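J.: Each chain, letter by letter, is given below.
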Amino acid sequence: MSASLDGRFVRNAWYVAAWSRELGRSLMSRRILGEPLVMFRKQDGTPVAFVDRCPHKLAPLSRGELIGDLIQCGYHGMQYDSTGTCVRVPGQPPIPPAARLKSFALAEKYNAVWLWAGDPAAADANRIVDIPEYDRPGWGLVDGQYLHFATSYLNLTDNLVDPAHTSYVHRRTIGNSGGEDVPVKVEHSEGHIVAYRWVTNAEPVPVMKTYGSFKGNIDRWQYYHLYLPSNSYVDFGAVDTGGELTEKAKEGGFRSFTYNFLTPETAASTHYFWLHLRNYGVGIAQVDADIARVYTQTFEEDRDLLAAIQQQQEATGVREYVKLSIDHAPARARLMIQRMIEAEG
Amino acid sequence: MSASLDGRFVRNAWYVAAWSRELGRSLMSRRILGEPLVMFRKQDGTPVAFVDRCPHKLAPLSRGELIGDLIQCGYHGMQYDSTGTCVRVPGQPPIPPAARLKSFALAEKYNAVWLWAGDPAAADANRIVDIPEYDRPGWGLVDGQYLHFATSYLNLTDNLVDPAHTSYVHRRTIGNSGGEDVPVKVEHSEGHIVAYRWVTNAEPVPVMKTYGSFKGNIDRWQYYHLYLPSNSYVDFGAVDTGGELTEKAKEGGFRSFTYNFLTPETAASTHYFWLHLRNYGVGIAQVDADIARVYTQTFEEDRDLLAAIQQQQEATGVREYVKLSIDHAPARARLMIQRMIEAEG
Amino acid sequence: MSASLDGRFVRNAWYVAAWSRELGRSLMSRRILGEPLVMFRKQDGTPVAFVDRCPHKLAPLSRGELIGDLIQCGYHGMQYDSTGTCVRVPGQPPIPPAARLKSFALAEKYNAVWLWAGDPAAADANRIVDIPEYDRPGWGLVDGQYLHFATSYLNLTDNLVDPAHTSYVHRRTIGNSGGEDVPVKVEHSEGHIVAYRWVTNAEPVPVMKTYGSFKGNIDRWQYYHLYLPSNSYVDFGAVDTGGELTEKAKEGGFRSFTYNFLTPETAASTHYFWLHLRNYGVGIAQVDADIARVYTQTFEEDRDLLAAIQQQQEATGVREYVKLSIDHAPARARLMIQRMIEAEG
Chain A
17 MSASLDGRFV RNAWYVAAWS RELGRSLMSR RILGEPLVMF RKQDGTPVAF VDRCPHKLAP
77 LSRGELIGDL IQCGYHGMQY DSTGTCVRVP GQPPIPPAAR LKSFALAEKY NAVWLWAGDP
137 AAADANRIVD IPEYDRPGWG LVDGQYLHFA TSYLNLTDNL VDPAHTSYVH RRTIGNSGGE
197 DVPVKVEHSE GHIVAYRWVT NAEPVPVMKT YGSFKGNIDR WQYYHLYLPS NSYVDFGAVD
257 TGGELTEKAK EGGFRSFTYN FLTPETAAST HYFWLHLRNY GVGIAQVDAD IARVYTQTFE
317 EDRDLLAAIQ QQQEATGVRE YVKLSIDHAP ARARLMIQRM IEAEG
Chain B
17 MSASLDGRFV RNAWYVAAWS RELGRSLMSR RILGEPLVMF RKQDGTPVAF VDRCPHKLAP
77 LSRGELIGDL IQCGYHGMQY DSTGTCVRVP GQPPIPPAAR LKSFALAEKY NAVWLWAGDP
137 AAADANRIVD IPEYDRPGWG LVDGQYLHFA TSYLNLTDNL VDPAHTSYVH RRTIGNSGGE
197 DVPVKVEHSE GHIVAYRWVT NAEPVPVMKT YGSFKGNIDR WQYYHLYLPS NSYVDFGAVD
257 TGGELTEKAK EGGFRSFTYN FLTPETAAST HYFWLHLRNY GVGIAQVDAD IARVYTQTFE
317 EDRDLLAAIQ QQQEATGVRE YVKLSIDHAP ARARLMIQRM IEAEG
Chain C
17 MSASLDGRFV RNAWYVAAWS RELGRSLMSR RILGEPLVMF RKQDGTPVAF VDRCPHKLAP
77 LSRGELIGDL IQCGYHGMQY DSTGTCVRVP GQPPIPPAAR LKSFALAEKY NAVWLWAGDP
137 AAADANRIVD IPEYDRPGWG LVDGQYLHFA TSYLNLTDNL VDPAHTSYVH RRTIGNSGGE
197 DVPVKVEHSE GHIVAYRWVT NAEPVPVMKT YGSFKGNIDR WQYYHLYLPS NSYVDFGAVD
257 TGGELTEKAK EGGFRSFTYN FLTPETAAST HYFWLHLRNY GVGIAQVDAD IARVYTQTFE
317 EDRDLLAAIQ QQQEATGVRE YVKLSIDHAP ARARLMIQRM IEAEG
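Protein chains in written order, with the numbering used here: chain A, 17 to 361; chain B, 17 to 361; chain C, 17 to 361.
FYI, nobody ran anything at the bench for these hints, they're computed from the structure.
Values in this document were obtained by computation on a predicted structure and should not be read as measured data.
Be aware that a few hints might be false.
Repeated chains share a single entry, so a pair holds when one copy, or any two copies, can fit it.
As the list claims (entries may be wrong) - Below, a list of computed lysine to any residue pairs in the SDA-like style, where the Cα atoms sit at most 20 Å apart:
| no. | residue 1 | residue 2 |
| --- | --- | --- |
| 1 | K118 | V298 |
| 2 | K225 | Y337 |
| 3 | K225 | S42 |
| 4 | K118 | G333 |
| 5 | K118 | E336 |
| 6 | K58 | L157 |
| 7 | K125 | D22 |
| 8 | K339 | P113 |
| 9 | K339 | V67 |
| 10 | K201 | A218 |
Using the sequences plus the hints, can you model the full thing?
T.: Following this line, the structure appears as structure tokens:
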């Protein structure tokens, strides 16, 4: 299955192309879904994205310049408007009809610029992932975070429906041995998977020891939600042990939501944009800084391990040899992604 | 067409292998037309070039040493004379007939060592490009210049019959917007193309502002001559605006000739040797230094852009999508090179 | 013949995997015969080697940790005992039978950890190369030496049955021009080749000038023994010129044995472990240090040349063009290795 997905991507989906602060009046180049893109803002602030390649002789447009809302190629001065239509060929009045840039639909939400990788006509900004706690009083926000992963986005989606790995990979930050033997449950519906577990009567993990104020042992939940193909949020929290294990109980607990937006760069590398919402330490700059640092460390642990796994997959041509019960959700995610790609033809 | 030329080269042609000052009594290694060569001078100063590979076990001969006019392999001491004939195999009197180095015909002219890449018997030094102004009184010379380009020589020959790109790529040095809309004319004959234009009643370009003494606007010419496959000279100059646009007028003008000698290193990289002749600032060392600096900057602008284009060509397998009228000369040059290669079989 | 050996290795053989001092209670990763291995010592000191890849999702086990004698994967906590049997899958009582690590038979001898690359059941430590002078009074030892070679082990075995190359590659250390024209003799038997020569009435080579006390010219021997596939020792020494050229004479002479243990890392790179025994300067630390330095320099000369040759072989697809009489032993060694590989199927 892995092989059949290599280098193929779901196109009818919203991917984060950049944080809003990254785009301005200079030309920015970034590879997304295997294709180099050039991005900038028009004079009115609207973001624009094109394939970063002049159709004349393939010069990167990001080496050209902005003239008002026109992008001018740095090689022979061809100019394109913000729809990608060529409006000037120096020295040649008739403009060849093929002189067009492929453009993408963009939308801006949650301080991020989202790119619809498929037909722009089908782009519907209402389908961008919803973040209810964003800008809600009582919630502290750390956003604008980015990491580059030298691994397929599929190895990352595996992780993001796999609470079990935190006991080992992240025991210095968000995991510990308390949950080692607690099985993971999985539910899925159209375009969504959640893998979850409650670890009860357990010692708080490092991040909870630092910021929580528990009486002793805790009941801790991990709910790993994945919106296919690659937007994830992790609902993570704890209450003092002994109560009911319900959604209601979670509301009063120590709680955070980590949103992870994966954008394939190539078949073997991924842009990892993330933001974090929490209901503790709100408004305290030091806690903001700590969260950015601790989660960066956490994701760097994933990054280093998954880069090594990517290399092994490439060397062996295999993705896994032995299936465990914790692989149910990752396998389901890959299957659902494969079907989405196949449905797109 | 591009694909069919990839990694193929015209062999019956003179290429600059090195500047004369680069060759001496030590062994120099340089890859030319895809093949590693070892070069040196005999005791009498004559330059010699061989494939840099001992036919015994493929050791690079450039890691061996010169013993008089013999080159000795550093692995087992086999010695070759300056025709490439093996004259000694230590410990073994009979010399295998296959123990021969492939050698090349060389000629020295204009402070450069020229290599005939084809059958040495067909080498005719009279076919080396002629530089009438070289050593002529009233002309200032900057020679011995070199740049390495990570791009196919064909992307460079494109540029060297394309005056139009200077308006954009080189507007800090030898171009400006004055000529943007002036069409390019093309003429060609056996083994030669010239693409040219006159830009009239225009502002002087930066280099002319610095070194010229014009009354106001100028008539500026660009004549881009290419001798196939890859020796070029650019006849570039200006006169005060309003006169006739003739060869006669050029003789009295502010004028320079830039000679560009392209030697393919591999299918995707090129040695760029260049020299410059001018009829202004003659004998002034500061102008020599300025010319070396300004043109180096100019060619580095080409180098960076053409390396990016090479990467795009390799990623997409395409050379260009849209043909413009300015592509007439580059397309003609590629066609003529292709025919030369095909004629060689 | 070369092509048919590329990337294939004799498996039923002992290879040095590490010096004894390299292995301890931390996890060490090293690629051997193309495969990444993880190595460590059990609590009782016994060395263990596995393929460095968890069969679940291919995570390198060397990124996990040792828990007693169990190795625990750092991704999901699977634990393997020192036979490679999985003994724990967190959260899942039944252990899938396929969850096994491929392990290797190891043996420790001469301060080295030897790995049997084939079926562990066939491993017989008595077949490890014998070093009679090791720990023998009157012999000085330099061991624990290592170099990495970016070349096929076959290019190294070529060298190690080729005394002739020392006259050129190593004339600053263990060779000089005295032996240039002395032919090499070859003998071979099951699993063994020796190439040798006596260079008589010759000037001492640099290392003998430094450490020997000869009256004048010498009779010098080079006996290059190769135990297939890739363990070698060089019997090297000299006596004052004029005596008999016998094994008996060698015993009273200035003499050293250099043992070279080649372990293929990949098809194109090799681990080079070596040790040196000598009957001069015994017990003098400065001589130990000098030997380590001089031989390291000597092998670095080989390393640089053979890396260049490897590149030429890869670029041309050829190993050699012209066969000389000195190639008899290397060709024989390759043929014998090929037959060993073919016999293994």
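J.: All hints are to be evaluated individually against the structure, with a verdict given for each.
T.: Evaluation of the provided hints:
no.	hint	verdict
1	K118 to V298	neither (43 Å within a copy, 51 Å between copies)
2	K225 to Y337	neither (37 Å within a copy, 60 Å between copies)
3	K225 to S42	neither (44 Å within a copy, 30 Å between copies)
4	K118 to G333	between (34 Å within a copy, 18 Å between copies)
5	K118 to E336	between (37 Å within a copy, 15 Å between copies)
6	K58 to L157	neither (28 Å within a copy, 48 Å between copies)
7	K125 to D22	neither (30 Å within a copy, 46 Å between copies)
8	K339 to P113	between (53 Å within a copy, 11 Å between copies)
9	K339 to V67	between (40 Å within a copy, 19 Å between copies)
10	K201 to A218	within (19 Å within a copy, 75 Å between copies)
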